[in-house]
Amino acid sequence: MSADTTVDNSATDDNHGDGETRRDFLYLTAAAFGAVGAASFAWPLVDQMNPAADTLALSSTEVDLSPIEEGQAITVVWRGKPVFIRHRTAKEIEEAQAVDVADLRDPETDGDRVHEGQEKWLVMVGICTHLGCVPLGQKNTDVKGEYDGWFCPCHGSHYDSSGRIRKGPAPKNLGVPEYSFVTDTTIKIG
Amino acid sequence: MSSGNREKLNNPMMEWVDSRLPIFSLLQKEYGVFPTPKNFNYLWNFGAIAMVMLVMMIVTGIVLAMSYATTTAEAFNSVERIMRDVNHGWMLRYIHANGSSFFFIAVYIHIFRGMYYGSYKQPRELLWILGVLIFLLMMATAFMGYVLPWGQMSFWGATVITNLFSAIPLVGDSIVTLLWGGFSIDNPTLNRFFSLHYLFPFLIVAVVFLHVWALHVTGSNNPLGIEPKGKQDTLPFHPYYTMKDSFGVVVFLVIFAGFTFFAPNYLGHPDNYIPADPLVTPTHIVPEWYFLPFYAILRAITFDIGIPLTSIVFIPAKLGGVLMMFGSIAMLFILPFLDKHPVRSACFRPWYKMALIIFVVDVFILGICGGKPAEGLWVPLAQFCTAYYFAFFLVIIPFLNKKEPVLALPNSINEAVLNKKVA
Numbered sequence: 001m002s003a004d005t006t007v008d009n010s011a012t013d014d015n016h017g018d019g020e021t022r023r024d025f026l027y028l029t030a031a032a033f034g035a036v037g038a039a040s041f042a043w044p045l046v047d048q049m050n051p052a053a054d055t056l057a058l059s060s061t062e063v064d065l066s067p068i069e070e071g072q073a074i075t076v077v078w079r080g081k082p083v084f085i086r087h088r089t090a091k092e093i094e095e096a097q098a099v100d101v102a103d104l105r106d107p108e109t110d111g112d113r114v115h116e117g118q119e120k121w122l123v124m125v126g127i128c129t130h131l132g133c134v135p136l137g138q139k140n141t142d143v144k145g146e147y148d149g150w151f152c153p154c155h156g157s158h159y160d161s162s163g164r165i166r167k168g169p170a171p172k173n174l175g176v177p178e179y180s181f182v183t184d185t186t187i188k189i190g
Numbered sequence: 001m002s003s004g005n006r007e008k009l010n011n012p013m014m015e016w017v018d019s020r021l022p023i024f025s026l027l028q029k030e031y032g033v034f035p036t037p038k039n040f041n042y043l044w045n046f047g048a049i050a051m052v053m054l055v056m057m058i059v060t061g062i063v064l065a066m067s068y069a070t071t072t073a074e075a076f077n078s079v080e081r082i083m084r085d086v087n088h089g090w091m092l093r094y095i096h097a098n099g100s101s102f103f104f105i106a107v108y109i110h111i112f113r114g115m116y117y118g119s120y121k122q123p124r125e126l127l128w129i130l131g132v133l134i135f136l137l138m139m140a141t142a143f144m145g146y147v148l149p150w151g152q153m154s155f156w157g158a159t160v161i162t163n164l165f166s167a168i169p170l171v172g173d174s175i176v177t178l179l180w181g182g183f184s185i186d187n188p189t190l191n192r193f194f195s196l197h198y199l200f201p202f203l204i205v206a207v208v209f210l211h212v213w214a215l216h217v218t219g220s221n222n223p224l225g226i227e228p229k230g231k232q233d234t235l236p237f238h239p240y241y242t243m244k245d246s247f248g249v250v251v252f253l254v255i256f257a258g259f260t261f262f263a264p265n266y267l268g269h270p271d272n273y274i275p276a277d278p279l280v281t282p283t284h285i286v287p288e289w290y291f292l293p294f295y296a297i298l299r300a301i302t303f304d305i306g307i308p309l310t311s312i313v314f315i316p317a318k319l320g321g322v323l324m325m326f327g328s329i330a331m332l333f334i335l336p337f338l339d340k341h342p343v344r345s346a347c348f349r350p351w352y353k354m355a356l357i358i359f360v361v362d363v364f365i366l367g368i369c370g371g372k373p374a375e376g377l378w379v380p381l382a383q384f385c386t387a388y389y390f391a392f393f394l395v396i397i398p399f400l401n402k403k404e405p406v407l408a409l410p411n412s413i414n415e416a417v418l419n420k421k422v423a
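Here the protein sequences line up with chains A and B, keeping their order.
Under this note's numbering, the residue at position 94 of the first sequence is numbered 94, and the numbers go up by one with no gaps.
Under this note's numbering, the residue at position 383 of the second sequence is numbered 383, and the numbers go up by one with no gaps.
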């Protein structure tokens, strides 16, 4: 549209009786510059709320797994979030593998959620995918929900022994962070 | 804002000011002689009461900020220091904490008054919408203020509420990160909440100004819901309603003082006297009482919405709950356009009156559900009450528009008032 107006404008430039198109063009460009200027100033104001460089620089966390006995679980902090590390029992692994994936709300096999050959270690971000509470189930005395895993007391989500959502309002399985085995008994999260 | 034809004032000092900025003329016109329907009942006090509470919250908030520390390491302790060491700090904090509850009590009654007497109807739609906007700003302010003491409920309430935004498709997680300024609720979050908690009350003041301005354009509604026809139907605002409002404010403040001094923690949660711990969720997270009905609506949606008998889901349960919760406020925004019945006051609308009373009971039950764990019978009860909440706005009111008979209204406020005296 502005291209049209400029063409028009040059054609009628000598015609002093008809300054309309030139004036319109100037209004439009002035308003456009103003809008772009305002937006380019608004962005820093919004973006300053995003994580700052020092927050982003939070390093990865190394965890020594050797003291965790079978059936025990520990919680470590990574990026300000709790990470659940569970040394699963054979029964728990079996339960997790026996589930028919088609029945799940967020279908994932148990194998997708652990490292091959290290099925006994389940590592997950311990934050309920509903509204961010920390589910119970880390301690032996905790309520573990109806699927022998974790139970979120806030709004009643039940997770199974693979951390998959089975019942309740949460939409997704407990998240598995990126981690790797540095040695057989040490993992590096992040 | 011009005062029209100004009359000369006797005091030369006031006249000097008034001729340059007609502030005294404006006050005289809008609060002195302002014609006000003469049949107000005590429900008409709550606008003034809410205004008093707003001022009280701002004044106590500003002085509390002088002793508050905005870091996660110090926030909890600085609040305890206010309670123990700062002169009168305990009282100022208890006034501020209980003041938010009483501000909401006043505003809820004010909203009920508007719904009962049809104050939202033509020509007061914009007045009502500005009011709902104030309510929304109040909720945001109260939520952020509750985070500042950095107790367990502060932390986990903030976690739950900010996580609501993660339900938004595609951009949800980015929005949550933006709100937090990190990967969890932490120091940056506390800082921005403090900044905004300080800002929002002044936005509320600005919208209250527009709200009152709009009120002074249309004039007040009244219990009969008919417009004043002349001088015989109205009284000058001063001294009649300055006096009646003052009386109501004093009674309200007596009750408020009762809570503040004798049961200052009755409306709060003991868990918020435990410092925030990101690794331990309290067994039972509940928001402040004034959010409970909306919290119950949020939790009532426990099912995905999609094509039955397939795995196709349009709206997952979490998004559904969030949409319903915000939708419940949206209902208030559009109420003036849903209710087309020509009669304003529920006094002359027996059907609407019945539906509204059930609605109020419904909201109370939702409040109770919101305070209970989301299990057992509380879930279907909350679902049923949520259904009525929306049906009231979207089914019953439109139905009554067409079906509810229009009763004969009194000829004038004056006539109705005089007849009542005789009877």
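No wet-lab data here; the hints were simulated from the structure.
Please read these numbers as outputs of a predicted model, since none were measured by experiment.
A few of these clues could be false.
Taking CB as the label site, the calculated pair distances span [said to hold, decoys possible]:
no.: 1; chain 1: B; residue 1: 283; chain 2: A; residue 2: 47; range: 47 to 55 angstroms
no.: 2; chain 1: A; residue 1: 57; chain 2: B; residue 2: 84; range: 34 to 42 angstroms
no.: 3; chain 1: B; residue 1: 175; chain 2: A; residue 2: 57; range: 39 to 47 angstroms
no.: 4; chain 1: A; residue 1: 89; chain 2: B; residue 2: 398; range: 43 to 51 angstroms
no.: 5; chain 1: B; residue 1: 195; chain 2: A; residue 2: 37; range: 22 to 30 angstroms
no.: 6; chain 1: B; residue 1: 74; chain 2: A; residue 2: 97; range: 32 to 40 angstroms
no.: 7; chain 1: B; residue 1: 277; chain 2: A; residue 2: 46; range: 27 to 35 angstroms
no.: 8; chain 1: A; residue 1: 118; chain 2: B; residue 2: 391; range: 48 to 56 angstroms
no.: 9; chain 1: B; residue 1: 195; chain 2: A; residue 2: 57; range: 50 to 58 angstroms
no.: 10; chain 1: A; residue 1: 100; chain 2: B; residue 2: 277; range: 36 to 44 angstroms
Beta carbons are placed, not taken as given, at the ideal position from N, Cα and C, and that holds for glycine.
* To do: For the range 27 to 35 angstroms, tell me whether the beta carbons of residue 277 of chain B and residue 46 of chain A fit it or not.
  => At roughly 31 angstroms between Cβ atoms, residue 46 of chain A and residue 277 of chain B fall inside 27 to 35 angstroms, so the hint holds.
* Assessment of proposed distance window 47 to 55 angstroms (beta carbons of residue 283 of chain B, residue 47 of chain A) -> 38 angstroms, violated
* Evaluate the given range 36 to 44 angstroms for the C-beta pair formed by residue 100 of chain A and residue 277 of chain B. => Given a distance of about 38 angstroms, which is inside 36 to 44 angstroms, the answer is holds.
* Could you say whether the range 39 to 47 angstroms given as a hint is met by the Cβ separation of residue 175 of chain B and residue 57 of chain A? => 22 angstroms, violated
* **Cβ distance range 43 to 51 angstroms for residue 89 of chain A and residue 398 of chain B, holds or violated** => 59 angstroms, violated
* Asked: Does the Cβ pair residue 57 of chain A, residue 84 of chain B satisfy 34 to 42 angstroms?
  -> 38 angstroms, holds
* **Assessment of proposed distance window 50 to 58 angstroms (beta carbons of residue 195 of chain B, residue 57 of chain A)** => 24 angstroms, violated
* To do: Could you check the hint for me, namely that residue 74 of chain B and residue 97 of chain A are 32 to 40 angstroms apart, CB to CB?
  => Given about 49 angstroms between the Cβ atoms, the range is violated.
* Supplied distance hint 48 to 56 angstroms, evaluated on CB atoms of residue 118 of chain A and residue 391 of chain B -> 53 angstroms, holds
* Consistency of beta-carbon spacing, residue 37 of chain A to residue 195 of chain B, with hint 22 to 30 angstroms -> 25 angstroms, holds
Violation of the numbered hints given earlier is confined to hints 1, 3, 4, 6, 9; the remaining hints are satisfied by the structure.
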